[in-house]
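Engineer: Spelled out from the first residue to the last, the chains are:
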Amino acid sequence: MFMKSVAEQKVLALNGNEAVAYAVKQCDVDVVAAYPITPQTIIVERFSEYVANGEVETAFVCTESEHSALTACLAASLTGARAFTASASAGLALMHEMLFVTSGCRAPVVMAIANRALSAPLNIHGDQSDTMAQRDSGWIQIYAENAQEVYDSVIQAFRIAEHPDVLLPAMVCLDGFQLSHSMENVSVLPDEVVKKFVGVRQFPKVLTHEGKLAPLRLDPENPMTIGPVAFPNYYFEFKRQQEEAMRKAVEVIRQVHNEYARISGRSYGDGLLDAYYLEDAEIATVCLGSTAGTVKAVVDELRAEGVKAGLLRIRAFRPLPVEGIQKTLGNVKAVGVMDRSMSFGGHGGAVFHEVRHALYDLDKRPMVVNYIYGLGGRDTNLTQIRAIYKDLQEIAQKRRVEAPIKYVGLRE
Amino acid sequence: MTSKEEEKSWKEISIAAVCWKPNTEFLTGDWKTYKPVRDPAKCTRCLLCAIFCPDGAIHLKADKNDIEFDYDHCKGCGICANECPVKAIEMELK
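Protein chains in written order, with the numbering used here: chain V, 1085 to 1496; chain U, 2 to 95.
No lab work stands behind these hints: they were computed from the structure. Be a bit skeptical, because a hint or two may be false.
As a list, the in silico DSS-like pairs of lysine-lysine whose alpha-carbon atoms are at most 30 Å apart [to be verified]:
hint	chain 1	residue 1	chain 2	residue 2
1	V	K1289	U	K9
2	V	K1279	V	K1289
3	U	K62	V	K1296
Note that the structure is a prediction, hence the values are computed from the model and not measured.
Modelling step: build the complete structure from the supplied sequences, incorporating the hints.
Structural biologist: Here you go:
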């Protein structure tokens, strides 16, 4: 089942940002264009050292803003290059316009996001407001739990994004500071194993204005115009194609994850969802990212006490694995969805909206409540998570939800 | 915009909004207010106007020694008149 590369790995001490840079170094990336912002800066800083040392053959472009950084990556990607950038918070917000242009042009740019709160008031610490605000931008979003998964996810992201059935840009999200700046042991694969795994970009053929079928990339030998303008008679059709690519990405993420598991010996659930003690769970939480580590510790304690507690960690939030959510949570009595961002004026946070929505079509569905936590880098500890499970136990017992949206660790 | 074609489904068209036919059939020349008119006596055939035209609407004639305006696509921007070193092009109200 496993290949010999599993045993050829070495262990390095890397923080999450360094794990990203190391993975990108191994992925044979042609162009990196970026602009610094905390807590992402280390990613591009480390990568610039690889460039300066001649360890990579990558064109490194320092731009005047994040908007330009993503635009440069988009342009490079459309010529057939493999392109990478990284950002966070206000930087990602400034990219907003180009996020949609990148996905609309079907350019498989990979971007790491060290999740950080949005101003105002200014806050450099971790929460997921920045990427949640971009969830409708047509990008694949993968949230990692630890530095090891960050490394693994970046390598997988290139394969997923560039898959001819997908061709969508992808974000790998790591919680600012909790992951970006925390050093952990990270097992890394040999360079040649990663290079072989990511392979070279493949280009599906498209019909051009010259009436020719040509690979989808800007090439003077086969001129084409990508994503210029579509009027009301065609715009809608192109958007429907993007949704189809997202649906196909569900299976591609699973396949790439499984293939990667064979070369690395590491897997994260089915690649989309990481289910922890959910087979017989009566109460469960749902979360994204590093918080899952803390939650798993609490689940272990509760299981030792005989409580049927579980956790569903959503690894792929875009595309949302709807069937998997229904299958893993369908028989749970009470589900607490944890959101590390707010949707002001909405009914709870984004993850809550989507998970509760996914469960609505089931004949017998769990009660689902929302816990908003950890905004602006506020710590979430074992005691608070235990209190969430206690709350869920009461909801399951009473079969009644009194307050669907609660705030964890907030001074009332 | 004067073209009407059979409209295709999302499954039939190129992805990434790649254009699958040239846009020359869209006769966009009616957007202009002013049109370029050349004085052939002044013109030195330097072809700078054809190079500067942002719309590719100044064509070289077959023998490549002269130009002609493609009024079906010229938007009347006036760049050719501005760039002409001998002022052989005038912009006239259409």
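Engineer: All the hints need checking, so say for each whether the structure fits it.
Structural biologist: Here is how each hint holds up against the structure:
At roughly 18 Å between alpha-carbon atoms, K1289(V) and K9(U) fall within 30 Å of each other, so this suggested pair holds. Between the alpha carbons of K1279(V) and K1289(V) the distance comes to roughly 24 Å, so the proposed pair stays at or under 30 Å and holds. For the hint linking K62(U) to K1296(V), the alpha-carbon distance of about 27 Å falls within 30 Å, and the restraint holds.
Checked against the numbered hints above, the structure violates none of them.
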